[in-house]
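Chains A and B are the protein sequences, given in the same order.
Mapped onto the numbering used here, the consecutive letters of the first sequence carry residue numbers 1420 to 1551.
Mapped onto the numbering used here, the consecutive letters of the second sequence carry residue numbers 89 to 331.
No lab work stands behind these hints, which were simulated from the structure alone.
There may be inaccurate statements among the hints.
Said to hold, decoys possible - Straight line, CA to CA, 27 Å or less: simulated DSS-like cross-link-like pairs of lysine-lysine:
| hint | chain 1 | residue 1 | chain 2 | residue 2 |
| --- | --- | --- | --- | --- |
| 1 | A | 1474 | B | 161 |
| 2 | A | 1508 | B | 161 |
| 3 | B | 234 | A | 1503 |
| 4 | A | 1508 | B | 164 |
| 5 | A | 1451 | B | 164 |
| 6 | A | 1479 | B | 161 |
| 7 | B | 186 | A | 1471 |
| 8 | A | 1504 | B | 186 |
| 9 | A | 1503 | B | 161 |
| 10 | A | 1504 | B | 161 |
| 11 | B | 164 | A | 1490 |
| 12 | B | 103 | A | 1477 |
| 13 | B | 102 | A | 1486 |
| 14 | B | 186 | A | 1528 |
| 15 | B | 102 | A | 1474 |
| 16 | B | 161 | A | 1439 |
| 17 | B | 102 | A | 1471 |
| 18 | B | 234 | A | 1508 |
| 19 | A | 1503 | B | 103 |
| 20 | A | 1486 | B | 186 |
| 21 | B | 186 | A | 1439 |
| 22 | A | 1449 | B | 330 |
| 23 | B | 103 | A | 1471 |
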Amino acid sequence: MHEWALAEAVISTVSQIAEKEGFKQIIEVKIKVGELQQVELEILEYALSQLKTEKLEKTKFTMEKTKAKLKCRVCNHEWFFNRKKLSEKTAEAIHFVPEIVHTYIQCPKCGSPDFDIQEGRGVWLESIKGVK
Amino acid sequence: MIDPRISIIDSRLKKVNNIIAVSSGKGGVGKSLVASTLALTLAKRDYKVGLFDLDFTSPSTHLILGIRETWPKEEKGIVPPEVYGLKYMSIIYYSGNKPSPLRGTEISNALVELLAITRWENLDFLVIDMPPGIGDATLDLLRLVKDIKFLIVTTSSRLAFETVKKLAILLKKLEIKIIGVIENMKMDDSDFIKDQIEEFGLSFLGKIPFDNRIEKVIGNVDMLLATVFAKKIRDIAPHLEKL
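When you get a sec, could you build the whole thing from the sequences and use the hints?
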């Protein structure tokens, strides 16, 4: 239930923004979920529904998965993270701390662990719509 | 795009009374040993203590404590397991004993992740074993953790002390509380570091003599706590109880 902790972070951030912007109700929250963190969308969605505050009662949470794009800093090779190639234990370690990918994965072309996570790392808020 | 993790960090740490970053300007001054022994000492005095190893690329507190086969509980986040009376958290749970070659932005991201998902229970002290210097981890803690206090470790070396001065200048400028400075691995009677620290307006917490038996007790907590090193840390611990 690592997703629960992330859902709490989403609710906390959205609530802070609602306060700052003077929103009475939040209509929609768009969330981008990077594949590297392997977040279970159903669990995240369930946690969000359980954690909803008054201002978030009618909020529609839209979630979009983004592929995790990696780029080697040594040879510039680009590739996508593939969960299927990993053991359960390794996948779980990356789920908790996505940067741990550098411990277990190397560039498929040159073998370097020095690569960028260009897209699709974890949970991001793309936009928040509310009414004042 | 907004990173939602930042806003939850405060509430994750709200049950922690004192957050103590054990820091230094240079590596190899015994910071991890000081952090581990200090955490154990405070726990022996019946305080609720956590130890968080933030040296992601070179974690070592798990070796000092001899931690094996321990795993955090997953409960709406991560709950650090109890080891020798300490709530213990380290990246080692996820990296195993393998190298984690991380650049600065990745260290920041991993640090934010662990601060955002780790659920600390009521603690009197959370001791943080910092990586050396004033790089990403130090700057991120200063950015993200309110009321953090620093305990600085140096050796008698002028080289180590010069880097400590830079750390202290930064912390003073940012009005961050410095509990004091420990001089570790002392090999003579000189008061040079003590005088310099006091001249600098900082508290000198004590000298710890170089102890060549320390290496033999790595991984054995009982033996570690029986060393002269641990005795000196026990003498220093009351400075933290006054916080």
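- Query: So which of the earlier hints does this model not fit?
  - Reply: 1, 3, 6, 7, 11, 12, 13, 16, 18, 19, 21, 22
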